[in-house]
Amino acid sequence: MISLFWPEDTMTYEDVCTIPEPSFFRDLNLDQYAAEWAESYDDRELIPYFYCEAKSYDVAKYRQEVIRDLSDPEISEIIDDFVSKIGEAVRCRQCADNVLEASQKYKWNTDCILQYYQAMEDLCVAFNRVPPKSRAFYALHQELFRLLNTSAVRRLRVTAKTIHDEFEKMRFHISINKDKATFDLSYNPADYCAPLRLALANTIAEDEVFVPFRDHPFPAMDVSPLESFILKQLEKENRQVFLQLTSFGERCGNVLSQDVLDLLREIRFFRDNLNFLNKMKDEGLPIVMPLLVKDKELYLDNCYDFVLALRNTKAKREVILNDIMKANFEKAIIVTGPNQGGKTTLARAFGQCFYFGMMGLPVPAGVCKLPYITNIFTHFANEEGADGVDGRLANEITRIRDMLSQVDHRSIVILNELFTSAPTIDALAMSRDLLKRLLANNAICFYVTHTYEIALDSEDYVSLVATVVEDGTCRRTYRIVRKRADGVAYANSIVSKYKLDYSHINYRLHRK
Amino acid sequence: MKVQLLNRPGFTQEGDIAPFKNDLCQDLVLEPILQAMAKGDNYVYQQCKQILLSPLTDRENLLHRQSALRDAIRNTKTILSLYATVAEVVTDISNFRTSQRKNGNPLPSVRLMTAIEQLDVLAKGLERLKGEIVNTYGHFTGTIFRDFYDEFLMEFNAEFVQLVHEKAALLKAIDEGGEIQISGTIGNGLKTDGLVVNALSEYRTKRKFDIMESLFSTKIKKNEIRISYEDLQLYRDCIDLQNAGLLHVASTFDGFSMGLMKLFNTLRQQLAFFHGCCNLYNHMKNMCFPVCFPEVTAEKHAITGHGIYDLGVAIRDLKMPMANDIEGDDTLTYLITGTNHGGKTTFIRSAAIAQLMAQSGMFVPAHDMITRIFPGIYTHFVRNEDVTMNAGKLEEELQRLSKIVDHMQAESVIFLNESFATTSERDGAAIAEDILKAFSDNEVTTFFVTHIYAFAKKAYDEERPRTQFLQAERTSEGERTYIMRHGEPGTTGYGMELYNDILDGTYSGNKNTGGDTPGNADGGT
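Protein chains in written order, with my numbering: chain G, 1416 to 1927; chain Y, 550 to 1074.
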């Protein structure tokens, strides 16, 4: 079966549901992302897909292709159309499962069959016109084309269509007033509203010819007493058609395949995530498709913590954008600076970019070049669950040992405030040793720490410093800049913080 | 129909070129101007504010607006009465809507009636406006208002107004009870589908003694099957179906009512601006303030004009302030230095107001003016008189400027008043140097009032190209004339004079000059 997640070794939704939440998920506040996302699309059943990390460069690329296709307005329209049509078929099938009357059951199923294959055919036709570029959608196109051309499916569709058309021909007319209501078969196509609409169109002129009722008088899926009355009258006239429906219904069961339903879930997952992330653009914040590279060069321009940004934009608070850059030869990024300077937020932004990147999704940044990775390891200082100082340190070191055994050259390791319960001198020594071990495994390290001395250890370390500027009202701002870990003249730092030096202004004005 | 008094057909404003509206309003002291436009009408105030603070980049549209405005000013009386009529109609409609919302009833039949009554209110409003337009036909000489009149009369011809009347009347009659004919088909899952209302007709309930008629009407025709009302479930279903049909009919009027309401609202919005402009123009004329329509060139002509004055202060103080001339030539940067309370702020404010008004399609406070269209108009004024070294102030200032740069395009215009003075002179000079160079390299026209002597002097000594050095003039007796003169930046220590003045007791405040220090001294806001 075709999956948007994996080019091969696909997993069913049932299998996906057994994947545990990755350990970094909570540290990076991705659980909050998933919850917010699920709430806004009312779609909690898709949450397990968040745990499907791409475990190779090819898989990540494969997903990126899907997202690129979905970002193409034409393809995305085609896919939306497919999803809504299949959804309609699914709805018909659910009705068939739930209604009481047998003939209605059969009719719902017939309608389901028609719409299900029609949706596939429409997709194939549309893809002929606008061929998708991703491997996944290409394969889907091939697969559906093959299915539609099997003789079984062809025969099924012909019968269903015949029945459907016969029913569509049936007509009735009802007249209602205070004293009586009457029924007859003299269908009248005249629409009382049409001439009215035409006359009034003077100022509106945007209406179609036939406008259906906005609210169906009998919205339930079961027929109402009046509808049942109408059907009885129609059956007298069309006995043959009703018999045909019954015999087809008895022969033919549910045609919806689990594979297609799984695929639909995957489409929804990618499409809705793409939309959810892109919504941030309306707030003026960047979202970009990352360039995944095989070396270790990293370029994150204007990145931010997406979850915090969701909250801040709701509260009309400013979202701080930061740049993180690392050359191929540079091994670790050390973030130092005062408390509450936005360091943890930056660590989350950094981790989120990698996570979204490996999922094939766009990332919360302006420009993004990411080394592809297959593992994310995080360690965020955890105040709770600490049984005494010794317990906490021991706990920490144990977790680090477990982590070390898995870290490889395709890993990023995000460490936030390690060894805070040890004396500074010890913490420094332990940190240095840990970094050495991690770097020996060629992992990319992102280390948030109080001990700025580490940043000075090697030329291969990128030093980022949180600049905290207070304006007298104790408000802090959270721009983090690349510089040596020590103090620099105040005015300069805020000029560069606001990107108001000559070259920045020049660039900013040129860009438009 | 589209109301195209304010904007030319097919016009769309691309982006907001003056996104910092509150800053503009506060820095340029626009409040007295807006008050003079509104003359107490809050709606006019809001519209004028919105339009004045949304300058145009489309020259064709700007000329369209200028031409409509000229015609409007010639016909001030007509504009006033048109606006009054439209405003009354809109008020009637919104009053009706509020009352409906209060006794909101979800019954479909009631919703239908609401739609009909609303239609009635609208139809009456339409007639009133039509009467007004017929009465003032021929007043306007320009094509813009005339085209609008013609289009309106064609669109809402006698036949149409009659039809709306009839339909509203017929539907009102159904209030007494009617008959509904509905046809339908069978859709998915054997549910009814494709429902269509064939007819609505009046149907009178039978009086008891009229037995014959009653018998006749309840008789069933051939091929008809009676749906028994004795079966309560069937009866309820029939009522549901009837209500759904009625609601469907009601919804047909929704679009029309909304379209008509939109027309009234748009008309009111646009007339409000012309109304406000007429008020302001006449006020200026009455006060003998110079006023002219500027020439807005398609070329990159620098702001040039004679007798440009600060309109906000003029209206506030009820007298003509000192006016200045600007000879733009190819100047990109104006460095304005000199004595305190010498009219520097007034000077750049007058230039900014004139440009803003010109680019909104309005007349300007000047004897004559020729200018261009800037792709952005920004102000950056120091927010507090207390211009001392203060960390937070510089931060706030730069943050504000950074937001401006986020929006700014090359070739915009920016008015800087005492920027970067909240840090040491050395730092301030360095910052100013960088920023102004970046601006001028990107063809941004900059008016910069500054006390950073080191910066101004250096620029002067280097004979920077395309830069004018202006100074608040002072006579040899030390008297201020509030006129800008070309010359070398002076060394007048900032605040020193003021300090001495205050100690000597000669300080009289700056109420008469328009003030040098925005924010607190310009009590007009």
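Honestly, the hints are just simulated from the structure, not real lab data. Incorrect hints may have been included.
[What the hints assert, rightly or not] Partial list, computed: chain Y residues near chain G (C-beta under 8 Å):
id, residue
1, Gly687
2, Gly691
3, Ile693
4, Leu739
5, Val746
6, Cys787
7, Val954
8, Ala959
[Claimed, not checked] Listed below are the simulated EDC-like cross-link pairs for lysine to aspartate or glutamate, each with C-alpha atoms no more than 20 Å apart in a straight line:
id, chain 1, residue 1, chain 2, residue 2
9, Y, Lys952, G, Asp1606
10, Y, Lys952, G, Asp1424
11, G, Lys1914, Y, Asp976
12, G, Lys1912, Y, Asp955
13, Y, Lys952, G, Asp1738
14, G, Lys1500, Y, Asp742
15, G, Lys1595, Y, Glu779
All residues carry an ideal CB built from backbone N, CA and C; glycine is no exception.
Each hint, compared with the structure:
1. Evaluation of the Gly687 (chain Y) hint against chain G yields a violated restraint, the C-beta minimum of about 25 Å exceeding 8 Å.
2. Violation of the interface hint for Gly691 (chain Y) is found here, the shortest Cβ-Cβ separation to chain G being roughly 25 Å, above the 8 Å cut-off.
3. Given the 8 Å rule on beta carbons, the hint for Ile693 (chain Y) is violated: about 20 Å separates it from the nearest Cβ of chain G.
4. For Leu739 (chain Y), the interface hint holds, since its Cβ comes within 8 Å of a Cβ in chain G; the closest pair sits about 5 Å apart.
5. Annotation: interface hint on Val746 (chain Y) holds; nearest CB of chain G at approximately 5 Å, less than 8 Å.
6. Below 8 Å, beta-carbon pairs count as interface contacts, and Cys787 (chain Y) has one with chain G at about 5 Å; its hint therefore holds.
7. Look at Val954 (chain Y): its Cβ gets to within about 5 Å of chain G, closer than 8 Å, so that hint holds up.
8. Hint on Ala959 (chain Y) holds. Least Cβ distance to chain G is approximately 5 Å, under the 8 Å limit.
9. With a C-alpha separation of about 57 Å, the suggested pair Lys952 (chain Y) and Asp1606 (chain G) falls outside the 20 Å cut-off, and the hint is violated.
10. Of the pairs offered as hints, the one joining Lys952 (chain Y) and Asp1424 (chain G) is violated, with about 50 Å between alpha carbons and a cut-off of 20 Å exceeded.
11. Among the hinted pairs, Lys1914 (chain G) with Asp976 (chain Y) is consistent with the structure: their alpha-carbon atoms are about 16 Å apart, no more than 20 Å.
12. Taking the CA atoms of Lys1912 (chain G) and Asp955 (chain Y), the gap is about 14 Å. The hint holds against a cut of 20 Å.
13. Annotation: proposed proximity of Lys952 (chain Y) to Asp1738 (chain G) holds, straight-line Cα distance about 18 Å (limit 20 Å).
14. At most 20 Å may separate the alpha-carbon atoms for a hinted pair to count; Lys1500 (chain G) and Asp742 (chain Y) meet this at roughly 18 Å.
15. The suggested pairing of Lys1595 (chain G) with Glu779 (chain Y) holds, with an alpha-carbon distance near 10 Å, which does not exceed 20 Å.
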